[in-house]
Amino acid sequence: MEPEHVTDILPNPTTHDQPDAPSGSVAVIFPTGMLGGGFPAETVTRGIVLGADAIAVDGGSTDSGPHYLGTGTAKTAASAVERDLRVLLTEARAAGIPLIVTSCGTSGTDSGVDWIADMVTHIARQHHLSFRLARIYSELRADVLVSALDAGRIHPLPPLGPLDAETLRSCSHIVGVLGQEPIAAALDAGADVVLTGRATDTASVAALALRRGLPAGPTWHAAKTVECGAQCTTDPRSGAVLVRIDADGFTVEPLGEGAACTPTTVAAHMIYENVDPYRMREPAGTLDTSHATYTALDPRRVRVEGSRFEVAAQYTVKLEGAALVGHETATLVGIRDPHILRHLDTWVPRLRDIVAERAQALLELEPDDYELDVRCYGADAILGRLEPDTTPPREVGVLFRVRAADQATANAIAKIANPYLLHLPLPDMTHMPSFAFAMSPAEIERGPVYEFVLNHAVDVADPRDLLRTVYTEVNHG
Amino acid sequence: MAETIRALGDIADLVRSKNAGPFWMTLDVFFPDAAAYRQVETSGVLTATRIGELYRVDPATVQLFHLPSINVIKASFPRPTVQGSFSDTDIHAGQHHIPLAQLPVPVHGDGHRSS
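Protein chains in written order, with this note's numbering: chain A, 1 to 477; chain B, 478 to 592.
Check each hint, because a few of them may be wrong.
[Claimed, not checked] Listed next, the in silico SDA-like pairs over lysine to any residue satisfying Cα-Cα at most 25 Å (straight line): (1) A:Lys75 with A:Glu445; (2) A:Lys75 with A:Ala330; (3) B:Lys495 with A:Thr73; (4) B:Lys495 with B:Ser546; (5) B:Lys551 with A:Thr264; (6) B:Lys495 with A:Asp373; (7) B:Lys551 with A:Thr234; (8) A:Lys75 with B:Ser564; (9) B:Lys495 with A:His67; (10) A:Lys415 with B:Ser564; (11) B:Lys551 with A:Glu273; (12) B:Lys551 with A:Gly306; (13) B:Lys551 with B:Gly521; (14) B:Lys495 with A:Ala77; (15) A:Lys75 with B:Ser546; (16) B:Lys551 with A:Ser64; (17) A:Lys75 with B:His569; (18) A:Lys75 with A:Glu305; (19) A:Lys75 with B:Lys551; (20) A:Lys415 with A:Pro441; (21) B:Lys495 with A:Arg279; (22) B:Lys551 with A:Glu305; (23) B:Lys551 with A:Asp201; (24) B:Lys551 with A:Ser290; (25) B:Lys495 with A:Asp389; (26) B:Lys551 with A:Arg308; (27) B:Lys495 with A:Ser64; (28) B:Lys551 with A:Leu386; (29) B:Lys551 with B:Val534; (30) B:Lys495 with A:Tyr377.
[Said to hold, decoys possible] Ranges between beta-carbon positions, derived for each pair: (31) B:Thr524 with A:His122: 53 to 63 Å; (32) B:His543 with A:Val144: 38 to 48 Å; (33) A:Arg169 with B:Thr526: 37 to 47 Å; (34) A:Pro427 with B:Thr519: 44 to 54 Å; (35) B:Thr526 with A:Arg153: 34 to 44 Å.
Calculated from the structure, these hints are not laboratory results.
Note that the Cβ used here is the ideal one computed from N, Cα and C, for glycine as well.
So that you can see chain B by itself, here it is in the shape it has in the complex (with noise of 0.2 Å):
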């Protein structure tokens, strides 16, 4: 069945950035379905690797999380500049899920639904 490169946003329902306290950053990726959620874990492209890659952060403190029973993929690492500082451009980090919304991801045939 022919590959194609899709962004993880065009997957996805819904992918979101947001503050957890001051300290750390946290991402959620909310799949349509199951179907969906399986096509991009098997992909093996969403690792704490290519977090890091991203978001210019030590992949060592990439925690990753997957949450099949609500099609959801997360995850978190502290932010590079503290909530609130001067260099902070982000007070939420609610702006945040651009870089991990426009990651490619090679799927196969239609790239909606796979069985």
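Just chain A, with the same shape it has in the complex (with noise of 0.2 Å):
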């Protein structure tokens, strides 16, 4: 955070006893899938004109890998993030609504939530605003989860087995999926804006909804529905979309020009990217969408209703967490010869076998002291034994990588590699053959590398139990 202009307020102030009475409906902006993204600003002001009781986004995913969560780095361009945050903040303050960013910075370290805190201290001084800011931190440390792990708290979730001590230990970072309980808190205490670390894709959505006493299963449910923003329109690129949540369901419109949104639209969102279509888990409970009716109220507004949600006997937070598991270092070089292309299931293992010779002489190391990776793309890289079509490829360009303990290593091997990558022949053949290197030099040092290594749930007596909420007064208006 920025220091100046800004004021600490600590301990937590205090919040409501019961939430508000329930109200007609809750409206919530939801912009795109993923902060940073981009958007029509136009889409957003549209859904303040129709009423809209808050704007929520997230800004993370664990979908494009643990480098993320392992090094606490944002995946999306802070200048992109920035732009996006600009209209949300402007217009959330300009309409006096809440703004609600979860899982900030990609993976929702506390490195990612002040990396957004600090920018909207930055917009707010440029635009002169003034607002009550909660910054609610998930990151963990390993020791409080072993305590956790001893007293029996934490148990695995499909397919992982259980954990132990030293894998906890092993991760660079540990982030615990929130729920809404802490962002209705927050907007209890008065919150303006609320940016929070890890958290589920659809808590932003639901904390107002049921802080304002609307029933479970439609809240959550329509959070699920527009978490990816317009994807569950007719044009996932038109923008923002609105969800209007009320006693018996909810409503969705995209608020882009001519996108739509139609039962098939919006049921066929509950199966993207989840393993079961019907029931996903939140901390303190399962939505159940298997008995939603899904109704078209015109050509380009859904109605649903029939969603429900079964509150579980233990409230769960899920961990997500990330380790160092060596340096890489990688080449790619292009074959074009048809009779290498024929034959490369006789190259590349003679490839790998020529490398962990040369490593063993040269180097003194043995091949469980690094690993090695080669993949032929247009041939079979990404199917692998699965690659249904044996045809040989035109052209392939070969992926080698190395991976070793520390960086000199992988890039010595990879070094060693070098002149086979470039020359290596087959058996039967008389000449030396020449590859096609695709830069100069041809080693790409990949630096430190992560593996997502925690799949497991942890028992909390409290939802805000784990996470650290900050509360500061921004005033530049």
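Now that you have both chains on their own, put them together as the hints suggest.
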């Protein structure tokens, strides 16, 4: 956080004992599937004209792999995120409605929350805005979780097995996936802007509706429907969507010109990147959409009713963790020679064997000291042994990767492999071929690499356990 | 009526694959209408056993879902390689629909519509 013009308010302000009485409905604008993904600003304005009660957006995902959690850095470009935030913050403040940003900085580490908080403060200064800012941090220390593990409070989620303390300690970052409750508590405490660490995709939309006493089934289903923005419409690039939740269900509509929600686009979104199309777990229970009905109100709005929520006996927080597993160096070389291409199944093992032999002879490295991966893009790099087409390719890009404990070792093995990636013939060839390196230098140092090692949930007594909420008065207006 | 063989991907509007978190993969098959959906359902070829064979995973880990209201069949199973691990070749699992799309399906008649 930038220190100027801000006042930390600690400890947590008092929260209301009871949620507000049920009101008619709550309407939430969801502008894009990921903060920084972009959206036409006028689609957000249109949602506010239609009476939106909040703007919610998610800034995170595990979808791009373990690097971002491993390093605590964002996948998105800072300038693109700042552009989106500028539109959302100025619109929300002008309308006097809350802005909720979950999973800040891709992985929702503390550094991700601070990254977004710095941008919010910067924009506030430029636009002379004043508001109460809540930052909810959900990054966890391994020691805290080892205690929970010892107490039997951590359980594996399929397909992973039981956890050990060593795995927890191997993680460079661990985050708890928070639910809607701490967001609702921050709204209760008067926060105008809520920035959170890793959260469920749905928490940002659900918090305000549940706090107003609306039923959990429609609320969670509504939140799930809009969590990728316009992907629940006929035009995924049309910008923001508006979902209005009430006592009996919800209504969803696109805010972009020309886009439409139809019963099929809305129902079909429930199957996208979900294991089970009918059931989605939240910290407090499970959404069940198996009895939901989808009805077209008109050509562009869909009404959904019949969604249910089963409250779980135990509130759980899912954990995500990434561990440093080594350092990598990669090389890309192209092969066009049809003779080699007809015999890649000979050439690739021959390459691996020679590199292993040279690493032993020149670097005194045993095969257990490093890992090699060789893929032939253009042949079967993507599907491997699942590839049904065995036709010889016209050309391939051979991606050669080395992983070792340290960068110097990975680099050394890649450099030793370089002349063989350039010249390795098949056993029947009487000349030395030369292949097509894509770049000079041929080696690409990939740096430290990480893997996801946690898929577990921890039992907590209170939804706000394991979290830290910090309130700040931002005063520039 | 004569039986012909068609690829599942030719009967469906869309066959797609995707990560469902770092540890799961999911396959969605969208059919153009109820007739095409029923044709594949009644052919009996789209089973957990067959998907286990196509993807070299234990069929006991394959979950199949039938969604006749939107003419979709869906299958999910744990990824054999965790997303982003050293041997993972498809971070988003977005190109793993091909083995399923090429699945041969015996169909009756013209293969487009059944009554």
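- Message: Check the structure against each numbered hint from earlier and tell me which ones fail, lowest number first.
- Response: 15, 18 and 19
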